[in-house]
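Engineer: Residue numbers (my numbering), protein chains in the order written: chain G, 832 to 1046; chain S, 832 to 1046.
Just so you know, these hints were derived from the structure itself, not from any lab. Please read these numbers as outputs of a predicted model, since none were measured by experiment. The C-beta atom is built at its ideal place from N, Cα and C for all residues, glycine as well. Check before you lean on any hint, since a few could be wrong.
[Stated by the list, open to error] Only part of the chain G face toward chain S is listed, based on derived beta-carbon distances under 8 Å:
no.: 1; residue: I929
no.: 2; residue: L990
no.: 3; residue: L993
[Claimed, not checked] Derived EDC-like pairs (lysine to aspartate or glutamate); straight-line CA-CA distance at most 16 Å:
no.: 4; chain 1: G; residue 1: K978; chain 2: S; residue 2: D931
no.: 5; chain 1: G; residue 1: K952; chain 2: S; residue 2: E955
no.: 6; chain 1: S; residue 1: K911; chain 2: S; residue 2: D934
no.: 7; chain 1: G; residue 1: K945; chain 2: G; residue 2: E1006
no.: 8; chain 1: G; residue 1: K978; chain 2: S; residue 2: D934
no.: 9; chain 1: S; residue 1: K911; chain 2: S; residue 2: E989
no.: 10; chain 1: S; residue 1: K978; chain 2: G; residue 2: E927
no.: 11; chain 1: S; residue 1: K1007; chain 2: G; residue 2: E880
no.: 12; chain 1: S; residue 1: K911; chain 2: S; residue 2: D976
no.: 13; chain 1: G; residue 1: K988; chain 2: G; residue 2: D840
no.: 14; chain 1: G; residue 1: K1007; chain 2: G; residue 2: E917
no.: 15; chain 1: G; residue 1: K911; chain 2: G; residue 2: E957
no.: 16; chain 1: G; residue 1: K978; chain 2: S; residue 2: E930
no.: 17; chain 1: G; residue 1: K945; chain 2: S; residue 2: E957
2 protein chains.
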Amino acid sequence: MKPAKLKIDRVVLDTSLFVNPEVRNHFGKSPTDAINGFLSIAEQIPSLEFYMPSSIFAELLNFVDESKIPGQFLAIMRQKSPSRHELVCPAFLLYELIEDIRDRINKGLRIAEKAVRNVGKSEEREIIQNMRRNYRDALREGIIDSKEDVDLILLAKELDALLVTVDHGAITWAEKLGIRWLLPTKFRDYLMSFIDKPADSEVLQKKRKSKSIKK
Amino acid sequence: MKPAKLKIDRVVLDTSLFVNPEVRNHFGKSPTDAINGFLSIAEQIPSLEFYMPSSIFAELLNFVDESKIPGQFLAIMRQKSPSRHELVCPAFLLYELIEDIRDRINKGLRIAEKAVRNVGKSEEREIIQNMRRNYRDALREGIIDSKEDVDLILLAKELDALLVTVDHGAITWAEKLGIRWLLPTKFRDYLMSFIDKPADSEVLQKKRKSKSIKK
């Protein structure tokens, strides 16, 4: 009897899984612990392929000592940029993006005007700090605002993968583009559900057997 | 002998041709005059098809009394939206757009901070007016910032047409997308160059002949 072919699914990961304290606790206390915690689970799931855009991986290195990243992580977490010059996006997204930005730009100006009018009512430093916060919230919150975010979205689209992120902007676009997404807080449970699956265990056993035969 | 087939080219027009005083003078003193001036030339060029996105046509109606637009204009100036849900754009444009917007957003915040710090140095009203101008320049100049602009670009792309516009943002994107473009100030000369072309004159003569035969 021919063995059932293992169905492979793909997952694209954001840094938040290892970096964001609220999220990474599911895998480990420090970013390095979280990487090892993730690895110990991920290596038991041959039916999942894990990807991270190179730009996001570079961000991760701001939080983790490169010398402490196990080589196995480089093997399991595939670094790959989306095919930026081959991929296309539907034109209606351009309209939505540009209309959204237009609204935000107007909102930013209102916030700035309010700050100017408030001078004298409280300390200048405080006014500027408040304005900065409100301005950034209005112009950036819930929008894709960096090329790293675009990388995440496009790589997930290219690979037809599950996107694991907390970024509101990326989730909004995942919804527009029909990309599956999952909050990192749910990701450990998601992974664990694979570990007792018969198909995976069978493949693992076979792998182990062939290794011991080779020995 | 079979007559040579007339090669048709397409042109997508912005409102500036009829509305912007510096530009429309080539065709007429008022927007309505400019429409009639354009018509009298355009109807002599059977080898050119003229298009205007419906959204841009709606903008034109803010400047022209609808009852004064000749029916012939509706026949010659085809109103058509781009196929928004079928067209796609290359993904690298998303990167450029988002990086560009990110820079502009930061610039906008610097302008706002400067305005807050200037309060007291001159009148509040003046400070706010200056800030508004600088902010709009920084955040909008040279960028596609409305769905009408996107319509222009996408329609020109869809029709493989020549885009006639003064909008810097639209021209920048035309360059990125390989769309031919022309400044409206050169458009009259461009049109006139067709009028003495043998192919066009021949077709016109034939049209006139067949009309007189029908009579």
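Engineer: Hint by hint, which ones does this structure get wrong, listed from lowest number up?
Structural biologist: Checked against the structure, the hints that fail are numbers 2, 3, 6, 7, 11, 12, 14, 15, while the rest are satisfied.
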